[in-house]
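**Student:** Just so you know, the protein sequences line up as chains A and B, in that order.
Residue 83 in our numbering sits at position 78 of the first sequence, and the numbers go up by one each step.
Residue 376 in our numbering sits at position 84 of the second sequence, and the numbers go up by one each step.
What the hints contain is simulated information worked out from the structure, not anything from laboratory work.
In this text the structure is predicted, and so the values were computed from the model without any measurement.
Fair warning: there could be bad hints in the mix.
[What the hints assert, rightly or not] Selected chain A positions facing chain B (Cβ under 7 Å, derived; list incomplete):
hint, residue
1, 44
2, 50
3, 59
4, 113
[Said to hold, decoys possible] Straight-line alpha carbon distances no greater than 30 Å define the calculated BS3-like cross-link-like pairs of lysine-lysine that follow:
hint, chain 1, residue 1, chain 2, residue 2
5, A, 107, A, 75
6, B, 349, A, 75
7, B, 305, B, 349
8, A, 62, B, 349
9, A, 64, A, 107
10, A, 107, B, 305
[Claimed, not checked] Some chain A residues well away from chain B (every beta-carbon gap over 10 Å; in silico):
hint, residue
11, 19
12, 45
13, 46
14, 56
15, 65
16, 82
17, 107
All residues carry an ideal CB built from backbone N, CA and C; glycine is no exception.
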Amino acid sequence: TQLLEQSPQFLSIQEGENLTVYCNSSSVFSSLQWYRQEPGEGPVLLVTVVTGGEVKKLKRLTFQFGDARKDSSLHITAAQPGDTGLYLCAGARRAGGTSYGKLTFGQGTILTVHP
Amino acid sequence: KAGVTQTPRYLIKTRGQQVTLSCSPISGHRSVSWYQQTPGQGLQFLFEYFSETQRNKGNFPGRFSGRQFSNSRSEMNVSTLELGDSALYLCASSLDPFGELFFGSGTQLSVL
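If we strip away everything but chain A, and leave its shape as in the complex, we get (with noise of 0.2 Å):
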């Protein structure tokens, strides 16, 4: 079983502040999706990385998948109340027929950013 373990589980910063949350596993994946999910609503892809190494920047939210593809890291700097939500990351395999449409989804970082 591909297990993606997410860190910290919950973050209560103050606006302004900077903020890293990591996914973690023991298996690789051929790419690591983060995504943001707000209440009553379904998760929302932010950012697909699928190179060791690879750094991607949306804004003020940075991504980073990992050398060996095992693990990933998601920082937001200058926190905005707007960021608050439920931050998931996912793996995918595309080895032997799986598909994006199989993900291992890690237990997810609820943020709360006050004002």
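With chain A held as given, fit chain B onto it using these hints.
**Tutor:** Just chain B, lined up with the frame of chain A:
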């Protein structure tokens, strides 16, 4: 264009009953996946369908089943409901099995 539509939005059932959940994918999307989300276990993969064929199945008991129709709409069925089946059931669609997933808002199932 319209997003992924899941019906019903909320459902309350009692133990032993069965339930059918429906998912209408984004127009043109032929791949549909189902996930169960609970506070304890997080998001867990149930099934994936593409062009009416089940491509993958997660580690759930046989009480959980699904199907996809020729118009790409999908249903999942849970028979002999147990208390532990209480969860948010999420459906996601994509153009094909390797495309970006778009999730619906889910069906919140409560088993009493």
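**Student:** Give a verdict on every hint.
**Tutor:** How the hints compare with the structure:
1. 44: Because about 10 Å separates residue 44 of chain A from the closest Cβ in chain B, which is outside the 7 Å limit, the hint is violated.
2. 50: 6 Å, holds
3. 59: 17 Å, violated
4. 113: 6 Å, holds
5. A:107 - A:75: Judged against 30 Å, a Cα distance of about 17 Å means the pair holds.
6. B:349 - A:75: Measuring from Cα to Cα gives roughly 23 Å; hence the hint holds.
7. B:305 - B:349: Distance of about 24 Å is within 30 Å: holds.
8. A:62 - B:349: 34 Å, violated
9. A:64 - A:107: 28 Å, holds
10. A:107 - B:305: Roughly 28 Å separates the two Cα atoms, so the pair holds.
11. 19: 26 Å, holds
12. 45: 7 Å, violated
13. 46: Non-interface label on residue 46 of chain A violated, nearest chain B Cβ at 5 Å vs cutoff 10 Å.
14. 56: 16 Å, holds
15. 65: Correct as stated: the minimum Cβ-Cβ distance to chain B is 22 Å, above 10 Å.
16. 82: The claim holds: residue 82 of chain A sits with its nearest Cβ about 25 Å from chain B, beyond 10 Å.
17. 107: 4 Å, violated
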